[in-house]
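A.B. asks: Sequence:
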Amino acid sequence: MPVLSEVLTALDALWPPERAEGWDAVGTVCGDPDAEVRRVLFAVDPVQEIAEEAVRLGADLLVTHHPLYLRGTTTVAASTFKGKVVHTLIKHDIALHVAHTNADTADPGVSDALAGALDLRILGPLVADATDPAGRRGLGRICELPHPMTLTEFASYAAARLPATAQGIRAAGDPDREIRTVAVSGGSGDSLFGDVRAAGVDAFLTADLRHHPASEAVQLLQPDGQTPPALLDAAHWATEWPWCEQAAAQLDAVSDRHGWGLRTHVSRTVTDPWTAHAASAPLTTPTHTPGAPR
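Each residue of the sequence shown is one higher than the last, beginning at -3 in the numbering used here.
Mixed in with the good hints there might be a few duds.
Derived EDC-like pairs (lysine to aspartate or glutamate); straight-line CA-CA distance at most 20 Å [claimed, not checked]:
| id | residue 1 | residue 2 |
| --- | --- | --- |
| 1 | K87 | D30 |
| 2 | K78 | D20 |
| 3 | K78 | D268 |
| 4 | K87 | E45 |
FYI, nobody ran anything at the bench for these hints, they're computed from the structure.
Note that the structure is a prediction, hence the values are computed from the model and not measured.
Go ahead and model the full structure; you've got the sequences and the hints to work with.
C.D. replies: And the structure:
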């Protein structure tokens, strides 16, 4: 069996920490470098229910996409929910390692996994990493659909292929518009609207789209006067969960090369914070005319 330090070296080779954004908090949160690693659990969020799943599984290492401590802290007291996660993991000799924005821009990265879940053909990165001479790393991916679909059809297609969440898929644009090309970006993507417009794609699928940026994005004409890209807004967790399967497969390949015999697992626990959805009723014609006496 490998020890934790050997496995961490392999993870850092897959997702080099120096490629993370300066504001990010990636790397190892807790763990004994000399402890043996037999089982590894991959998940999106380092929340308590995932820590408890790792305990039940008998995992020695938990790898998550989202950081536990993205900002500085002065306590790991078990009376705080993040401190409780740390206490749970340490009590059961489970290490925690984070690959976040360094996994977003990797080759393959989070958006490759998202495109794969949707069976899209990847043409290249949406925002290329200037330090990659091969031109494969970077944020987001520009893709082609397996066949043309209307926006409504593509939204339903994406909802069926991504993990189920209360939100599902929201779409903005002409429901009957034909979609052939799409940009995808796992996680929050409304900072990429300018790059999406420049790419000239028919649609953009991402998560966490806010009202004002989305409203402006669907109103702005393209430089050539064409209709702006349609938008598809999925749940943040759902757009990043496919990376867990991809990452587990990557570590499996490393384990096979080294003869480690690691057992990797992917959590199916839905940690998206939204748990219910109620569809709005159609607007009805008001029964009272404004200005008329009641």
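A.B. asks: If a hint holds in the structure, say so; if it does not, say that too.
C.D. replies: Against the structure, the hints come out as follows:
1. K87 / D30: Satisfied, since the Cα-Cα distance of roughly 16 Å is no more than 20 Å.
2. K78 / D20: Judged against 20 Å, a Cα distance of about 17 Å means the pair holds.
3. K78 / D268: 17 Å, holds
4. K87 / E45: 15 Å, holds
Of the numbered hints given earlier, the model fails none.
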